[in-house]
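K.L.:
Quick mapping for you: the protein sequence lines, in order, are chains A and B. Using the numbering used here, you'd call the opening residue of the first sequence number 1 and step up by one each time. Using the numbering used here, you'd call the opening residue of the second sequence number 1 and step up by one each time.
Some clues are possibly wrong.
[What the hints assert, rightly or not] Computed beta-carbon distance windows for the label pairs:
no.	chain 1	residue 1	chain 2	residue 2	range
1	B	Gly196	A	Ser38	18 to 26 Å
2	B	Ile40	A	Gly235	53 to 61 Å
3	A	His236	B	Ile148	32 to 40 Å
4	B	Tyr256	A	Pro162	25 to 33 Å
5	A	Gly235	B	Gly217	24 to 32 Å
[Said to hold, decoys possible] Calculated pairs, DSSO-like style, for lysine-lysine (alpha carbon to alpha carbon, straight line, at most 27 Å):
no.	chain 1	residue 1	chain 2	residue 2
6	B	Lys305	A	Lys171
7	A	Lys171	B	Lys100
8	B	Lys163	A	Lys57
9	B	Lys173	A	Lys68
10	A	Lys295	A	Lys131
11	A	Lys171	A	Lys68
12	B	Lys144	B	Lys247
13	B	Lys90	B	Lys163
14	A	Lys120	A	Lys286
15	B	Lys20	B	Lys8
16	B	Lys274	A	Lys131
17	A	Lys215	A	Lys68
18	B	Lys247	B	Lys173
19	B	Lys100	B	Lys68
20	A	Lys171	A	Lys120
21	A	Lys120	B	Lys274
22	B	Lys68	B	Lys90
23	B	Lys247	B	Lys274
24	A	Lys57	A	Lys295
25	A	Lys171	B	Lys10
26	B	Lys163	A	Lys68
27	B	Lys248	B	Lys297
28	B	Lys145	B	Lys163
29	A	Lys295	A	Lys271
[Stated by the list, open to error] Calculated Cβ distances over 10 Å to all of chain B for the following chain A residues:
no.	residue
30	Cys228
31	Pro230
32	Glu266
33	Gln380
Think of the hints as simulated: they come from the structure by calculation, not from any bench. Treat the numbers as computed from the prediction; the structure is a model and nothing was measured. Beta carbons: idealized from backbone N, C-alpha and C, even for Gly.
Take a look at the letters that make up each chain.
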Amino acid sequence: MSKFMKIIYLDNNATTQTAPEVFESMVPYFTEQYFNPSSMYEPARQTGQAVTAARRKIADCLGHVDPKEILFTGCATESNNTAILGAAHANPNRRHVITTTVEHPAVMEVCRELERNGCKVTYLGVDRDGKLDVREFIRALTPETLLVSIMHANNETGVIFPIDQLSRITKQTDPSIIFHTDATQTVGKLPIDLALGLPYVDLMSFSGHKLHAPKGVGVLFIRRGTRCRPYMLGGHQEDGRRAGTENVPYIIGIAKALELAMEHREQDEAKIERLRTRLENALVQKIASVQVNGKGAPRLANTLNISFHYIEGEGMLFQLSGYGICASSGSACTSGSLEPSHVLRAMKVPFTAVHGSVRFSLSRYNTEEDVDTVIEVFPQIVANLRKLSPYWDNERNTPRADALSLVQQTQT
Amino acid sequence: MGWEYSEKTKQLFMDAVHGKPGTHLGEIENPDGMGEHGSIACGDSMRFTFRVTRHPSDPAQDIITEAKYLTFGCTSAIASSEALCDIIEKGNYTPLTALKIQNSDIVDYLHGLPEQKIHCSVMGAEALEAAVFNWAQRRGVDLKKLGIDMHDQETEEGRMVCKCFSLTEPYIKRKIRELNLRTIPQITNAIKAGGGCSSCHHVPGGLQDLLDQVWGGQAAASSGLVQLPVLPAEPAPADFSPYQFAKKIEKVVDEYIRPALRADGGDVEIMDIKGTIVYCSLRGACANCMGASQTLKMMVERSLKDQVDERIRVIEA
């Protein structure tokens, strides 16, 4: 990729560009109002007030909850760790956790750690569309259940879980069970009202950098009265629930970003969905042996997870980057481990398609032109790889008749 | 939410408010002892004054003959103040024996107080204690020599635990012991700690930790409240097996509930039955109906309660 090439950024579920307005709002807190909000002198008091105002703004954006229920953290991963470990730590009398097989590692790995320490964890599976089975969820609730942690929307597929319904069933069955949701992919994208829409959610995590604030700041909503013990100790900040000097500029930034997102949410969503649909329809139409993952479920408007059978994702990403296009894949080669996407495997996406998956995730900064460039170059990118694929019949542009048995052979 | 006050509490309050003879509203001029507790910011406060008949040689044998109070607070705070004065005047207490009066004596005198109002009686006992300390100072009695703990270091040196009500660690711990408090709600009811923003409940050094320190982690064992209450473990009623219970529910649904819903173009599906909880989902016209959850509660749950078991709860799934 040449240094001067225009970047077409379609990986917004990974991170987002910091909005210029957000950046601007932060600058004074580096250069002029750099004071420690806990200090006594007047300028510091003003810095403290700015943090208070940011907290209130976020509380307002989430359904006019009490600002005391908003905790600033370093990232969504920290929020998730605090929520899950904190709930387990504060309620040692119960030893069962319910989560799903498609959670982000920031939830999944924390649950595994609880498991290693003697908790029982139920991992709820999903169907081919990525949906949960409500019956299975009800069956999983036990008198021992301490915590339910289920993501609001999936980062890879954009599939939205019915958190309102699941949290209501949980709390109506047993109000002592704590309900946590990782809303990293939904805050700023979906309307979230913790007072009226999601009154049964006790804990909710999200981060700034998925909604056009910078990396390095997250939020944990802790509903008043929720039994959750903090683990970041060493200071009075956040009422002792998360010690450490407040990251003032970033706190200002995340509040501004959320405010912007809520202000323009409906227009942004409509525009983004139009672009996503345009991209999806064109790729499905122009390329053979394609499947859209999560198509049968409610999905975030900005996410397109699409699999191209019998080719490998990394090869597609590499060619895309030659055009300045940034996207990601569920293939093993791109995950940093040797395992392909656990989410797509949980959805029983065939092996031949898991590795060939590409995720495009849009933001309000994308244009029709961006999408059209992808539509223009992508069929050739796929064709290039299929030419090399041992499983592809290039003459007929279909998988080879014996492709499946070949795949099975190499797997055994 | 209305509090359930005893007749005695209501009577004392009304008597005080109407200034009935024999009530104790007011402030003694040049008292022998004066003590205050609480503050307006915290929602209630009390100023308690008493007069003694002085013993010619031994102040420790002074007898309290008159007590009065000024109280800012609710019905039970006023009634508790009245009760305290009554107990004291009728008991021929010396200031030292008066220290033995506990908040529980006030509660008994009132024929009980609602749990959430226990702190009113605690306020009375605290104000009394402060007044006795004040008397001792005026009369030159060294209480420490008499082996009385004056907790004088508590507020100055104690770490603030509950910021909303300005309560320190030594104070809260002492009260946990004295009043045998075993759970956070009990602490809140008795001394208000943790009743504001509630962020001090589970932080390190917070109320739960103080409970664990005082009771050595045994608080949970001795109380059902700290332990998360276990899910309605009521199994299907003993006279049926779970299978028969489910069958019975299905029968009522099939014969009674479903036909009624179908008449309106709707339907109901039983998703699961766990113990006495029935998980239902409304289908058809009912699924999109604004009053769906009302239908479930009023129609489905009522029918199942009437015709199968009163303990049944219906949850919309």
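K.L.:
Now look at each hint and say whether the structure bears it out.
P.N.:
Status of the hints after comparison with the structure:
{"no.": "1", "hint": "Gly196(B) with Ser38(A): 18 to 26 Å", "result": "holds (20 Å)"}
{"no.": "2", "hint": "Ile40(B) with Gly235(A): 53 to 61 Å", "result": "violated (31 Å)"}
{"no.": "3", "hint": "His236(A) with Ile148(B): 32 to 40 Å", "result": "holds (34 Å)"}
{"no.": "4", "hint": "Tyr256(B) with Pro162(A): 25 to 33 Å", "result": "holds (29 Å)"}
{"no.": "5", "hint": "Gly235(A) with Gly217(B): 24 to 32 Å", "result": "holds (26 Å)"}
{"no.": "6", "hint": "Lys305(B) with Lys171(A)", "result": "holds (21 Å)"}
{"no.": "7", "hint": "Lys171(A) with Lys100(B)", "result": "violated (45 Å)"}
{"no.": "8", "hint": "Lys163(B) with Lys57(A)", "result": "holds (24 Å)"}
{"no.": "9", "hint": "Lys173(B) with Lys68(A)", "result": "holds (26 Å)"}
{"no.": "10", "hint": "Lys295(A) with Lys131(A)", "result": "holds (10 Å)"}
{"no.": "11", "hint": "Lys171(A) with Lys68(A)", "result": "holds (22 Å)"}
{"no.": "12", "hint": "Lys144(B) with Lys247(B)", "result": "violated (73 Å)"}
{"no.": "13", "hint": "Lys90(B) with Lys163(B)", "result": "violated (38 Å)"}
{"no.": "14", "hint": "Lys120(A) with Lys286(A)", "result": "violated (47 Å)"}
{"no.": "15", "hint": "Lys20(B) with Lys8(B)", "result": "holds (15 Å)"}
{"no.": "16", "hint": "Lys274(B) with Lys131(A)", "result": "holds (23 Å)"}
{"no.": "17", "hint": "Lys215(A) with Lys68(A)", "result": "holds (23 Å)"}
{"no.": "18", "hint": "Lys247(B) with Lys173(B)", "result": "violated (54 Å)"}
{"no.": "19", "hint": "Lys100(B) with Lys68(B)", "result": "holds (19 Å)"}
{"no.": "20", "hint": "Lys171(A) with Lys120(A)", "result": "holds (20 Å)"}
{"no.": "21", "hint": "Lys120(A) with Lys274(B)", "result": "holds (20 Å)"}
{"no.": "22", "hint": "Lys68(B) with Lys90(B)", "result": "holds (13 Å)"}
{"no.": "23", "hint": "Lys247(B) with Lys274(B)", "result": "holds (13 Å)"}
{"no.": "24", "hint": "Lys57(A) with Lys295(A)", "result": "violated (35 Å)"}
{"no.": "25", "hint": "Lys171(A) with Lys10(B)", "result": "violated (37 Å)"}
{"no.": "26", "hint": "Lys163(B) with Lys68(A)", "result": "holds (13 Å)"}
{"no.": "27", "hint": "Lys248(B) with Lys297(B)", "result": "holds (19 Å)"}
{"no.": "28", "hint": "Lys145(B) with Lys163(B)", "result": "violated (34 Å)"}
{"no.": "29", "hint": "Lys295(A) with Lys271(A)", "result": "holds (19 Å)"}
{"no.": "30", "hint": "Cys228", "result": "violated (6 Å)"}
{"no.": "31", "hint": "Pro230", "result": "violated (6 Å)"}
{"no.": "32", "hint": "Glu266", "result": "holds (23 Å)"}
{"no.": "33", "hint": "Gln380", "result": "holds (46 Å)"}
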